[in-house]
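Build out the structure end to end from the sequences listed, making use of the hints.
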Amino acid sequence: MEISPEKQREMLRLMQTIRRFEERASTDYVAGDIYGTVHCYIGEEAVAVGVCSALNRDDQIISTHRGHGHCIAKGADLNRMMAELYGRETGYCKGKGGSMHIADFDIGMLGANGIVAGGISIITGAGLAAQMEGKGRVAVSFFGDGASCAGPFHESLNIAAAWKLPMVYVCENNLWAVNTAASTTLAVQDVAARAAGYGIPGVVVDGNDIFAVHAATTEAVARARAGDGPTLIECKTYRHRRHTERPTQPDIRPQAEIDAWMKKDPIDRLVDHLQAQQGQLSVEEWQAMDAEILQQVEDSVSFAKASAFPSPDRVTDDVFAA
Amino acid sequence: MEISPEKQREMLRLMQTIRRFEERASTDYVAGDIYGTVHCYIGEEAVAVGVCSALNRDDQIISTHRGHGHCIAKGADLNRMMAELYGRETGYCKGKGGSMHIADFDIGMLGANGIVAGGISIITGAGLAAQMEGKGRVAVSFFGDGASCAGPFHESLNIAAAWKLPMVYVCENNLWAVNTAASTTLAVQDVAARAAGYGIPGVVVDGNDIFAVHAATTEAVARARAGDGPTLIECKTYRHRRHTERPTQPDIRPQAEIDAWMKKDPIDRLVDHLQAQQGQLSVEEWQAMDAEILQQVEDSVSFAKASAFPSPDRVTDDVFAA
Amino acid sequence: MRQISYADAGMEAFIEEMERDPTTFHLSTDAPPPLVDKFGTSRVRGTPIAEGALTGMAIGAAGSGFRPIIDWRMVTFSFVAMDQVVNQASKIHYMFGGQTKFPILYRCTVGGGLRMAAQHSQSPYSMFMNLAGLKMILPSTPYDTKGLLKTAIRDDNPVISFESTRLLTMMGEVPEEEYTIPFGVADIKREGKDVTIVALAWLVHEALAAAETLEAEGISVEVVDPRTLVPMDTETIRASVRKTGRLVVADEAGPTCGASAEIAALVTEDPSTFKCLKASVRRVCALQVPIPYSPTLEDVVFPNREKIAAAVRTVMAEA
Amino acid sequence: MRQISYADAGMEAFIEEMERDPTTFHLSTDAPPPLVDKFGTSRVRGTPIAEGALTGMAIGAAGSGFRPIIDWRMVTFSFVAMDQVVNQASKIHYMFGGQTKFPILYRCTVGGGLRMAAQHSQSPYSMFMNLAGLKMILPSTPYDTKGLLKTAIRDDNPVISFESTRLLTMMGEVPEEEYTIPFGVADIKREGKDVTIVALAWLVHEALAAAETLEAEGISVEVVDPRTLVPMDTETIRASVRKTGRLVVADEAGPTCGASAEIAALVTEDPSTFKCLKASVRRVCALQVPIPYSPTLEDVVFPNREKIAAAVRTVMAEA
Ligand SMILES: Cc1ncc(C[n+]2csc(CCOP(=O)(O)OP(=O)(O)O)c2C)c(N)n1
Ligand SMILES: Cc1ncc(C[n+]2csc(CCOP(=O)(O)OP(=O)(O)O)c2C)c(N)n1
Ligand SMILES: [Mg+2]
Ligand SMILES: [Mg+2]
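Residue numbers (our numbering), protein chains in the order written: chain A, 1 to 322; chain B, 1 to 322; chain C, 1 to 319; chain D, 1 to 319.
Rather than coming from a laboratory, the hints here were simulated on the basis of the structure. Please note: incorrect hints may appear among the correct ones.
[Stated by the list, open to error] Pairs of lysine to aspartate or glutamate residues, derived as EDC-like cross-links and limited to a Cα-Cα distance of at most 20 Å, are as follows:
1. D:307 / C:270
2. C:101 / A:190
3. D:278 / C:299
4. C:307 / B:106
5. C:278 / D:318
6. C:278 / D:21
7. C:275 / C:318
8. D:101 / B:133
9. D:101 / B:106
10. C:150 / A:58
11. B:164 / A:317
12. D:275 / C:177
13. C:275 / D:318
14. C:307 / D:270
15. D:278 / C:318
16. C:101 / A:317
17. C:101 / A:133
18. B:264 / B:206
19. C:275 / D:21
20. D:101 / B:58
21. A:135 / C:21
22. D:275 / C:270
23. B:135 / D:21
24. D:307 / A:313
This is the structure in structure tokens:
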């Protein structure tokens, strides 16, 4: 399956948007303009974009605490995202959620989630809805290596397999859960090995290779749409940064491991591919694209800053739907 | 590995004790002398006895809502069991637990459990204790096919595998969870297939063949004691009776399926084996053994009936350990 | 009027609402045969034993345009799903700024008396009441069960229906005609002037029986049934206490941080109601113990008409 | 005396008790480096993210002669372990007739104020208090934290330690010498005669600040810190209210079925205390909402010294 150069450039644009958005979010968080906590996805962009570029707008995804990448890849609006991080009333959640809880149901983004493995069963319910609806929608769950050790992973995959739900389960194995190494919490090399216990395909892909991710997803989505049930895709990847952007956040990962993975940067790889191998992206084009993205991020900050904080008397709104 | 005729007869005695005990429990439950609910293990006796006969007294087990068989196989006292069913102060739990909560920590029986999959993590903690103690104890979890779809199964097996805990996980796959068929809740044929996801051995055995169960357990126990970690053993078996002894308990299982499995009765098979193939059990001996067992059961009922109900002022005892 | 049981009243509500709205569907570890027969195994599914996943799935399906009904069966089984209830279902409408609705019905039985011991006997509704974002019903009659369940299924929020194990076989009048009962409207099951008993579920009937006895002693008792725990009809309860000057709360749960504590606090924190209070506020609840198996033990754990009557006599004697 | 932080006081308690008793061990999804350094990775394990399994494992290890410490970290993560807490840890000592002990410490942080939004900000202790069979501590100072945690680790029952996020960096006097604090003994953090404030954790300090302000206004406030939620030192609370005739309860949790409701009910159900009550009983609590992220919203959710002082003035004005 060929991906057109236009589409490749679009993928690159989304990956770079995630990166620039988060670089700015980190800066503004440390500066005190963004509150609570911020988890960066930087280094893992090929997963979100590789997966979401194989989906339709009405397909649904769910995210984790590390959610900005999934939001942007699924088409979320940067202004409303940044406004949410800034705690403003124009944010996706009217300032009630913050970084860990951005959702946009209109684009099929069912929310970031602050509870590890908390989203897996929720999106499986969306998959059940898709099956009952019968319109060929699929639903995709993103979750980490850490989450793959939690009960909801097992319960959800089992149900999805038994009922042949149109689901794709994407494990982002970045080798660590905070400062706990996956090698100490998993007795197997590959989370994908667990697929055997549910009678579904389990696929391992290089999560920093956007084409590999895209191809595996395309196949899984076809399978799901055909009524053949779920697939578990494990993307081996790595986060470039510490678990959170909190300046005091400890990071015990070996420097050599970090260095090795920095060399496998998924954006560099795609740029290389477009430039060297295909001649489809000049240095100038790439610079222009990046500048444009930086401007969009800047605009989102301006939008956020120009927006009001929610009025205190809105605090009891939305506890219940009217 | 040869099992001596004496030990085989002892295994038979335990299996028949389970059966006779439960036949009586059912009768007395329907008569109103036993309260709440009673789940019979009849038909599955080869699993409990096959497993526990491969354990030492200080090895530990945990049970399910269908717990009488595990208690008896691990060496529990019939009098205190029956007294518990009768709700008397001489019962294992002083009448506070009933059929679903019999425990005897002195013989390493960590309790029946009324929550499906509720025991799996508890016994895994006993396995961790055994590992930290370093005396070669092993811990065994019994659970059903139904429980194998629940989160604690996954979380516990993963931890036990990652930490190489001295555990044996025994799935009693009796094909049904109440009136829900395992074939509708599992996309795989064998629960044992899940072992692959934890990098541990997964073994399927004929759960009505006590020698097969015993052999698989012996191997798993040796592995656990050697520090090589857990094993998942799936015993294919069947319950002869409805989910509970409640007269109105519906049973939707196909009659042909029930009939086919009745022919595979594990006690008949062991009797046949001892008699026909080995000449190690005469008809008279078998009758005498059964009569003796019936007498023990009768004695346990007498013991229970002669025991007092707990005094109402004991109701607030034991909420906390002193 | 025709009489049907509390359990059948619930089943009627499900059937009517599932007929009415094709986006409703039903998940539980054992599928109820009457619903399967009517709606088939796609809309009425028997599931793996994974209440946590089911509870989460309801959220995703609700956010995708469906109206799931999840029957947890016994409330004690719901604790495996507590993350999905506490951190997800109750919070996400608020947390996502109200951008979409999550119409879900979670259903379970509560209570004791069946000699099922601690893991199958509990009345923990106050644990859920402590959360913000969930509505809750606790009906005491077949009529209320049907009417409240129909409202619950139509509500655009997660609702938990706590149904009393002891009342499942209780018969009562239920009209053939369509009706619903609004949330947040307490029902005065008996009027009186000396003491208010706020009673929940099964205890409504025990309170009514106690009221009969007390009437013969010259004590006039008002019995208030809140029917919905969230929203709580605080005003009706306070108004009753302002009239009678005395409050006894009867609940099958233990007292500590129970609905009974909340009702007591709602009454005593209102200055104008407090001023009318003539006596201390009594909770007639279960003992604060796990529920024991043996009849001689279980029977002393729970409140009943005698204990309610005794509490009423005490507050009458106080002032 | 030397001053150390609330967080360090907890860590000292762990180190001392783990040194004292080789059967103690520690499990959490991120292993605390100071403990790993001292006791090694066999006794201090970083675990998979499976708090449910850890919570259950503690029970099995405790029943096999060990004294596990499980750090859930934020209390909201404990809800994935709720079955193990509700149906197992709290019930099995009773259900098994007391045949063996289950000495376990579960530990977590509670509270808000960090702009972490609903899934990382909660004070749900009353959900656990509703259960029978669990003890619970909620310290308000470094001194209390260390003393109560040491008692908790030595207790032969499951104990939950709720530690206040807002107080982690708070400094306070903690002696070098060994000491423990008994359960069920409230601490009168300030004596007064006009109003009793029963305050929990962080609110103890807000109540003390309010008391200062009110003193200048001529109102004498007594601040009672229960320190342990189960057992609750009911008698000290009631005695204080009998003396002052007024009660305000201050808690970072929402009011509904909260510890504040329980404390109010414990006071108003005692006839001799009720008789001394001059005014309605006030709860100064969080709004009953999931905790929002944005500062302008979060800041209005929680109680504070001003709201406490206002409540005190109101009850003073009432009578
Ligand atoms: C149930 C639960 N336990 C613990 C946490 C704290 N926590 C937040 S993120 C995280 C690590 C998650 O690891 P992984 O799933 O691999 O995702 P990653 O952060 O690597 O993307 C932990 C332990 C939580 N949020 N929820
Ligand atoms: C968490 C939970 N959900 C539901 C139940 C009700 N229940 C009791 S036994 C049972 C079926 C268990 O099936 P399985 O694990 O296969 O064991 P079996 O009864 O076949 O021995 C169910 C659903 C329960 N006890 N706990
Ligand atoms: Mg990870
Ligand atoms: Mg089964």
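Original post:
Quick check: which numbered hints come out false for this structure?
Top reply: 2, 3, 4, 6, 10, 11, 12, 19
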